[in-house]
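Q: Which chain is which? The protein sequence lines are A and B, in order.
If you use this note's numbering, the first sequence closes out at 547, no skipped numbers anywhere.
If you use this note's numbering, the second sequence closes out at 864, no skipped numbers anywhere.
If you're looking for bench data, these hints aren't it; they were derived computationally from the structure.
Computed from a predicted model, the values in this text were never measured in an experiment.
Ideal Cβ placement from N, Cα and C applies to all residues, glycine included.
Watch out, some of these pointers could steer you wrong.
Going by beta-carbon spacing under 8 Å, a handful of chain B positions derived as facing chain A [said to hold, decoys possible]:
1) Arg589
2) Val592
3) Ser794
4) Leu814
5) Met834
6) Ser836
Not everything, but these chain A residues come out facing chain B in the computed CB check (under 8 Å) [claimed, not checked]:
7) Leu252
8) Ile288
9) Leu290
10) Val381
11) Val394
12) Ala481
13) Val507
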Amino acid sequence: MQRYLVSRVLQGLLVIFLVSVGTFAMMHLIPGDPISLLIGEAHITQEQIDLIRARWGLDRPLHEQYLRWVGNMARGEFGESVVRSGVPVRTMIAEAASVTITLNLVAFALSVALALPAGIVAAVRRYSLFDYAIMVSTTVGVALPNFWVGLMFIVIFSLVLRWLPPFGLPGWQGYVLPVAVIVSSQLALLARLMRSSVLDALGEDFVRTARAKGLPERGVVLKHAVRNALLPIVTVIGYRLAFILSGTIVVETVFALPGLGQLFIESVNRVDYQVVQAIVLLLSVLVVLGNLATDLVYGFIDPRIRIR
Amino acid sequence: MREDLSVAPLAPVRLEAARRSEWSRGWRRFVRYRPGVAGLVFILLLLVLAAAPDVFAPYPYQEVFRGMRGAPPSWSHPLGFDHIGRDVLSRIIHGTRVALIVGLLATGIAVVIGVAVGATAGYLGGVVDAVLSRLVDTLMAYPLLVLLITLAAVLGPSLVTVVVIIGLTTWAQYARVVRAEVLSLREREFVLAAQAAGAGVGRIILRHIVPNVLSPVIVIASLGIGGVILLESALSFLGLGAQPPTPSWGGMLADGRAFILTYPQIAIAPGVMISLTVLAFNLVGDGLRDALDPRQKDVQLSR
């Protein structure tokens, strides 16, 4: 177990290092000197430019710039926004993150709470009308662009029925439609996974044994099949963190929610690269940590993984 | 139903059956999956539309009808008008092109890179494998859309940019699958025989390894095209895809969002087209999986 732990953590750290190099390189790909972005059209002398370069450390060799940058990032010093001058990027991210976290936690909890029972019932009543409905709706659900689903929800619930606000966060009601969109896209996938996972488990020998010893079917399903079926679900949920975060961006844009996704898009459009790089790095590190945590949790619940 | 198909029929082997190639048997199995055939027909229709949109579109996609802003559907304009008075149906037909170009080309780029990297890593092993595998891990650690948005903004959004960046960022999943396949293939007799015969590394990978990993790759690619079209439409929706006046479904949805409270019907048709197209590719992918690679189960790609 210890060796598994150590090797997974080391691999994770390596990937975080590579992600930081990749992000740094991407930010240096930007056509044009950051200086010219900073001063715009103003006429200044070469001497002044050199001064600014020195002040921002842009005259140092690339690896020194990288080390300084990575050091700042690690300490949470994301710099100041170029556009909203004077506002620390950290503050902007913290404000936006609370919206994104609320949105995703609620949506995620709801998706799991709905998808697991649906998947179990579909697997137990295989080929029933319910199973068929689940399979069809998941096949269709995966093909729907979530931002379009959002637009249609606005049309139905805001425009026609007038139940909920179309944009922004006037109160908790602003969360209802975005949460519904994320749930509808996650639900389909999770339910389908749970279904096939339970089906796999139901075909195992231990299920036959449980039935043979006369356990009521309810106990066979809930105690034996479902417990084992949950293992693969845990991994998939962990690995999907990256997709879930990607999905938030578009959904927040549709509903004009002041979350990380919208901050990201706005910063990209305003060429506010201090904010962009901080968000890119933050999200990717989050994904690596999520995957790592998943692996560790998985190794913890399933002893078979540790022996390799 | 899927399970029935994966079981090979126990019919007596006839000479004719033995002569039939693996691919044509795969095709026969594919044809039995009706939703897959329906998807294929729909895709063929889209290809025809994309090949000659001017022939099928009733009006030029940029023609503005005065006084018709957001006007509802009528007999001569079955899908109505957009926010500046253009015929929505004509723009939908022209938009087919962007969706298919990005879906097919970007997936093609990703497949070529992914197969090359995966086969090299798997066959050579050792340091090469370690380096390439970490590269794959790194790529997979980025939330895809975040990476694409950043790259599109940095490189300047255009149709070419979208194709290239999606191709360059989605190959990791192919590399993973191919590497795993190659790890077992390289121990097989025919590879050992080729090595013993003195074939070079390049020749073995190209002639002996790659043909044997094609069926899982085709399956993932056909399932992946739908995901790529979703990514493209999301980028266009955010204003980072093909630029106006080129009509794209995602771009039309962006207009739909801007005018959702005044002309809600603008947002309906492009979304339906994206969904149907993605669904069609996914169904074909499901059919191909049953036909070519029954071992694989739900492969779910990024969105």
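Q: With reference to the structure, classify each hint as holding or not holding.
A: Status of the hints after comparison with the structure:
1. Arg589: violated, 23 Å
2. Val592: Violated, because the Cβ-Cβ distance from Val592(B) to chain A comes to roughly 19 Å (cut-off 8 Å).
3. Ser794: holds, 6 Å
4. Leu814: Since the shortest Cβ distance to chain A is 6 Å, the answer is holds.
5. Met834: violated, 10 Å
6. Ser836: OK, holds: Ser836(B) within 8 Å of chain A, min 5 Å.
7. Leu252: Because about 11 Å separates Leu252(A) from the closest Cβ in chain B, which is outside the 8 Å limit, the hint is violated.
8. Ile288: Because about 23 Å separates Ile288(A) from the closest Cβ in chain B, which is outside the 8 Å limit, the hint is violated.
9. Leu290: violated, 27 Å
10. Val381: Since chain B brings a Cβ to about 7 Å from Val381(A), closer than 8 Å, the hint holds.
11. Val394: Cβ of Val394(A) sits 5 Å from chain B, so the hint holds.
12. Ala481: At 5 Å from the nearest chain B Cβ, Ala481(A) passes the 8 Å test, so the hint holds.
13. Val507: Holds. Min distance 4 Å.
The structure fails to meet hints 1, 2, 5, 7, 8 and 9 from the earlier list, while all remaining hints are met.
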